[in-house]
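Undergrad: Position chain B relative to chain A; hints supplied.
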Amino acid sequence: MVGTAVQSARRDIMRRFGALVVPVISLAALVWVLFLARGTTAQPAVRDPGEFAVTLLDGVTFAGLLFVVASGFTLIFGLMRTVNMAHGSLFLLAGFTAIALQQKMVGKTTNIAPEDVTLMSWIVPLIVAAALAALLGVLLQQVFLRWNQGQELRQALITIAISVVLADQMLRQFGGLAKTMVWPGAVSHFIEIFGQRYATSRLFMLAVAVVVGVALWLWLTKTRMGMVIRAGVDDEPMVRALGINVTLIFAVTFFVGAFLAGVGGVMGASFAGAATGSDGAWLLNSLVVVIIGGLGSIKGAVAGSLLYGLVSAFAPVYLPTQYTFYAVIFSFVLLALVLAVRPYGLFGRPA
Amino acid sequence: MRPDTTTGATSGDPVVELRSVVVAFGGLLALGGVDLDVAQGERLAILGPNGAGKTTLFNVVAGDLVPTEGSVVLKGVDCTHLPSRHRPRLGVGRTYQKARSFPGLAVGDNLYLAVVGRHGRQRALLPRSGDHSWRDRAAAAAESVWLYDRLDTRVADLSHGQKRQLEIGMAIVTEPDVLLLDEPASGLSRGERERLTGLLDELAADSTLLLIEHDMDVAFKVARRIVVMSDGKIVASGTPEEIQANALVHEIYLGSEALT
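Chains as they are written, first to last, in the working numbering: chain A, 1 to 351; chain B, 1 to 260.
Since the hints were made in silico from the structure, they are not lab data.
Backbone N, C-alpha and C define an ideal beta-carbon position, used for all residues, glycine too.
Treat the hints with caution; some may be incorrect.
Calculated lysine to aspartate or glutamate pairs in the DMTMM-like style (CA-CA distance at most 25 Å, straight line) [what the hints assert, rightly or not]: (1) Lys233(B) / Asp215(B); (2) Lys222(A) / Glu143(B); (3) Lys222(A) / Asp131(B); (4) Lys98(B) / Asp58(A); (5) Lys104(A) / Glu152(A); (6) Lys98(B) / Asp235(A); (7) Lys299(A) / Asp131(B); (8) Lys222(A) / Asp136(B).
According to the in silico footprint, chain A covers these stretches of chain B (three or more CB under 8 Å from chain A) [what the hints assert, rightly or not]: (9) 87-93; (10) 106-119.
So here's chain A without its partners, still in its complex pose (with noise of 0.2 Å):
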């Protein structure tokens, strides 16, 4: 008894220290950005305004493809309380599989113009290599995971194992160098804000990730699967008890996990290219989105993006130019705040 009350005190405490902290952390960079910023690359924000709104898109477009590939995640672990460590692998696999596509479509191999490329030569290898992200996934689900429901850990080691066996077959597949998805010359573009240019193609990116998050929250909420899907998150045995078939809830819901990842694969490699690597860095981007986000929702990941997508964002601008090198810290201080506010995340509740 004495326990639980010296832990409830310091959860008081921690949860007043949060909301004290938190206001305050955040008022602090607002007031640095906006009209200190000494010795940083950038202005204050109010004597250079343009680079303000640059790096605010910047991070905005940014959150909206963490967006996309968290979302697939958080859904399969919402559901079925798998994490899916291959999920950086599909996203790996769509976006390699997308370009490859591209290539025959344009018709060359090297120095693709935006002007070569149409919105068919775009979104043809975008559905294409989602999908086959999509039933590799449902493959996954069906061959390996069925099996273990319940069994979290061996959930995540069989991914694990998965997902060094898709790179290293990608790596024979596709070579060890970057290759890059061209965007459509649609939406390849300049346009001014402040006096300073800006690529339409990452506005695109986000009216994307836009459009996935609304089809998302249209399905989750109107449908009668999305329906049982949610309250499947809320208890997936009672859902069970009610008699209804939740096996195939669950491979549906994989097959739009994998396809989320597809997608978001095929938008990074035409944002940032695809290369070997990128699999277990995209991997660690979902995770750190869903776990400030909390996992298992689809509000927490839109949050965790923005949240992770600013940061990543402002960090490296306006840090003095000394400290540029360890922007990369402040993504995980941003995880660290949040995990000590708020345990299980921003819209998390515990499992």
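TA: Same frame as chain A, but now just chain B:
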């Protein structure tokens, strides 16, 4: 009405038949050979101290637990090894000791999902336009458990008593022939208990009710037959009056508790 229910038990036929059911958890004998027949339309309450095996017995009937030995026959169908997700289609509905529903969903959606599960075939999950009758059934069930004005309220925002009401609604919306209620009155206020008793009394005459209950008022009012369990065995069975008069029952379970 129920195309997926093939057996047509007439009133008085046993709908639940347990034959020497044994459940062992490792070395612990939770049920030590239980025989129980429940006829259609019967109102049966199971009493017994904590650890007597009441909930284990429920889990066996509901299919959440496969017995170590013995057989479970529901409406003439051997269900010993039939998983719980097939039970709603056989007409078995249950509630849990701790109220279980989907806190993130609205009351209406919870009831609706229970209807979906009753029709739980593959295509029941596909979107269809003609599901108004399912929605209507959900609304009717909400009305019978006094939650009609809460159809759009998230379950997380309901009171404990309302959650209990909802859970019973989710069980009766499937029009079960056998309804298993695990301590439906626990945590309810006096007024809520009276409403619950009224609700259970109003159930269709041919639906069978199995009830685990600690609250004597509710158990003795609702049940026509009472079974007393102790240490995984049935030690007494009879009408409420017989049980109240049974000295053995007083000794093992009721103890010093006054029966009023």
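Undergrad: Taking the numbered hints from earlier one at a time, note which ones the structure violates and give those numbers from smallest to largest.
TA: 4, 5 and 7
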